[in-house]
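Engineer: Please put together the full structure from these sequences, using the hints given.
As they're listed, the protein sequences go chains U and R.
The first sequence runs 0 to 339 under numbering that gives the first Met the number 0.
The second sequence runs 0 to 339 under numbering that gives the first Met the number 0.
Hints were generated in silico from the structure; no laboratory data involved.
What you were told as hints is all true, and nothing was included just to trick you.
Pairs of lysine to any residue residues, derived as SDA-like cross-links and limited to a Cα-Cα distance of at most 25 Å, are as follows:
#: 1; chain 1: U; residue 1: Lys-299; chain 2: R; residue 2: Pro-138
#: 2; chain 1: R; residue 1: Lys-194; chain 2: R; residue 2: Glu-212
#: 3; chain 1: R; residue 1: Lys-299; chain 2: U; residue 2: Gln-141
#: 4; chain 1: R; residue 1: Lys-286; chain 2: U; residue 2: Gly-247
Protein chains: 2
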Amino acid sequence: MRPFYENRHVLVTGGLGFIGSNLAIRLLQLGAMVTVVDSLIAETGGNPFNIDPVHDDPRLTVRTVDVRDVLAMERLVRNQALIFNLAGQVSHIDSMQDPFTDLEINCRSQLALLDTCRRVAPETKVVFASTRQIYGRVPEEQLPVDERQPPNPVDVNGINKLAGERYHVLYNNVYGIRTSVLRLTNTYGPRMLVKNNRQTAIGWLIRQVMDGETITIFGDGLQLRDFTFVEDAVEAFLMVGANDAANGQVFNVGAIEPVSLRELAELLIEVCGSGRFELIPFPPERKAIDIGSIYVDDRKLRRVLKWRPRVDMREGLSRTIDFYRAHRDEYWVLPAPATV
Amino acid sequence: MRPFYENRHVLVTGGLGFIGSNLAIRLLQLGAMVTVVDSLIAETGGNPFNIDPVHDDPRLTVRTVDVRDVLAMERLVRNQALIFNLAGQVSHIDSMQDPFTDLEINCRSQLALLDTCRRVAPETKVVFASTRQIYGRVPEEQLPVDERQPPNPVDVNGINKLAGERYHVLYNNVYGIRTSVLRLTNTYGPRMLVKNNRQTAIGWLIRQVMDGETITIFGDGLQLRDFTFVEDAVEAFLMVGANDAANGQVFNVGAIEPVSLRELAELLIEVCGSGRFELIPFPPERKAIDIGSIYVDDRKLRRVLKWRPRVDMREGLSRTIDFYRAHRDEYWVLPAPATV
Numbered sequence: 000m001r002p003f004y005e006n007r008h009v010l011v012t013g014g015l016g017f018i019g020s021n022l023a024i025r026l027l028q029l030g031a032m033v034t035v036v037d038s039l040i041a042e043t044g045g046n047p048f049n050i051d052p053v054h055d056d057p058r059l060t061v062r063t064v065d066v067r068d069v070l071a072m073e074r075l076v077r078n079q080a081l082i083f084n085l086a087g088q089v090s091h092i093d094s095m096q097d098p099f100t101d102l103e104i105n106c107r108s109q110l111a112l113l114d115t116c117r118r119v120a121p122e123t124k125v126v127f128a129s130t131r132q133i134y135g136r137v138p139e140e141q142l143p144v145d146e147r148q149p150p151n152p153v154d155v156n157g158i159n160k161l162a163g164e165r166y167h168v169l170y171n172n173v174y175g176i177r178t179s180v181l182r183l184t185n186t187y188g189p190r191m192l193v194k195n196n197r198q199t200a201i202g203w204l205i206r207q208v209m210d211g212e213t214i215t216i217f218g219d220g221l222q223l224r225d226f227t228f229v230e231d232a233v234e235a236f237l238m239v240g241a242n243d244a245a246n247g248q249v250f251n252v253g254a255i256e257p258v259s260l261r262e263l264a265e266l267l268i269e270v271c272g273s274g275r276f277e278l279i280p281f282p283p284e285r286k287a288i289d290i291g292s293i294y295v296d297d298r299k300l301r302r303v304l305k306w307r308p309r310v311d312m313r314e315g316l317s318r319t320i321d322f323y324r325a326h327r328d329e330y331w332v333l334p335a336p337a338t339v
Numbered sequence: 000m001r002p003f004y005e006n007r008h009v010l011v012t013g014g015l016g017f018i019g020s021n022l023a024i025r026l027l028q029l030g031a032m033v034t035v036v037d038s039l040i041a042e043t044g045g046n047p048f049n050i051d052p053v054h055d056d057p058r059l060t061v062r063t064v065d066v067r068d069v070l071a072m073e074r075l076v077r078n079q080a081l082i083f084n085l086a087g088q089v090s091h092i093d094s095m096q097d098p099f100t101d102l103e104i105n106c107r108s109q110l111a112l113l114d115t116c117r118r119v120a121p122e123t124k125v126v127f128a129s130t131r132q133i134y135g136r137v138p139e140e141q142l143p144v145d146e147r148q149p150p151n152p153v154d155v156n157g158i159n160k161l162a163g164e165r166y167h168v169l170y171n172n173v174y175g176i177r178t179s180v181l182r183l184t185n186t187y188g189p190r191m192l193v194k195n196n197r198q199t200a201i202g203w204l205i206r207q208v209m210d211g212e213t214i215t216i217f218g219d220g221l222q223l224r225d226f227t228f229v230e231d232a233v234e235a236f237l238m239v240g241a242n243d244a245a246n247g248q249v250f251n252v253g254a255i256e257p258v259s260l261r262e263l264a265e266l267l268i269e270v271c272g273s274g275r276f277e278l279i280p281f282p283p284e285r286k287a288i289d290i291g292s293i294y295v296d297d298r299k300l301r302r303v304l305k306w307r308p309r310v311d312m313r314e315g316l317s318r319t320i321d322f323y324r325a326h327r328d329e330y331w332v333l334p335a336p337a338t339v
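Structural biologist: Shown next as structure tokens:
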């Protein structure tokens, strides 16, 4: 990767967030000139501490800009060789409670970024972070789903992320702006959001188990998921960014093997050394947008780009817990003071 | 239909446009209390003359409101039993030149209307006018396409209309707002936009042939399309609006049989009594978003709602040309005065 990324100008949107910051750190290791942009909206994944290991790297530029600020983004997009486009509203629940913010971030801002590339930076390549959420509920006999599965999003976030994907492919096909789409599953690892459950359940579970709280899982806990360790996801971004065979293409990014939520909880408790979990019925508003088991077929990514996941669940969880034990104060919400 | 629609309060968005006005006129004939809302944006399909036959009907209310005006729409939505939701940006070309306006109208305003129903009018049923454009290019061997065909929109308009569809189905499934979606093909007939080619090619061809201009068709003219006469499309809206078996469902609306653009031109010239056409190569910006032949399988609508198209092409074109001969001044752009 170093020959490709060394001295290359790369923009990472959502770059103070979970995957974006891990990607930015890796890009700096590879010698890239990295600009990180993040809105740092409260309660989302953005956290300035995420780039602490590289904060004084002279090749790093950090800009607190909201991707909805089209003019500010235009200035940042000029002269970039690559854009890793990870800025997004990721909470399914928030997308139902405030569908308009989700639309602004996941549709309008994506379209604006692409249209800016068309106008001022047509040579820039864009890699977009999408989600397996766009598949929605998939009948068990159709699992694992590959990229040809007709999308069937079951929440506003899924609908809008799907539109965002399609804008990227459209601008590739019609305007020759090189774009690729990665459909991420459940990515986990150091720097993930753990102070609430807006980004992914696993972060919330990690915080609960470390705080000695009882983990609660909706339903019977047998729902299967792919859990991708963030280093493996970062590697997929880097490979896709460096290879024009990926242009105009959509790729699933999976894991070594699907794992049930119950197995996840058990492994987490084992790795952490303490903890307990319980199964509780779905609250109605969660049941309405629940999708059962889902895991993906990512053979396309493995075939075209020779990617494969390398970090297994036990190692990944262990490294994650080690990270939060070392940096707990940067990620935890302090408990409210006791009232007298 | 009369027992269902008589005295029922019905809102038609885009109601001064082509299909909306025909629908409003028919609803008044059936005894409904009709509110028509239209933005009358220049160069689009809205035309106050479209409702001339009913303009003094006391059961008709006309409001010039843009669907992007969420608060004004909220006032109009209250107390409606049904909303026929036809307001949309329909030009594929415009959607590429100004993708943000298309997004505001076809995504944001749709989401706003549905969210307004959820908040203030949860009993209202909504019928949404979508388009077969969401299918994009379909390989010939997969024609005709039914509703299970994975969407593959090839322009911003198609992506946004698809998101609009999905919002409607989502609000049906999650919130119990009863919604149905009709995927229209090439609807034609009296009151269609003919002064430019923003809405549908057929209107533009009709104006050309009536003005003695040479009709130009891109490519070899063998591309097949469904042409639905507007009365048949209106009947589909009425049937879907009156039947809860359609809730949460998406239906193609087709025609008696697919017709090539060349056959269309020949029939049009024959019915008009004069005219000529020529085939010319695609301009690059049109080729980029051309979709070849497309026609739909509408057996679901025929099976579930017993709909079928009744007006054949010759009769439909004949009635259309008669209409524009009688009302030419209301639809034609006057030629620019000759310069000295």
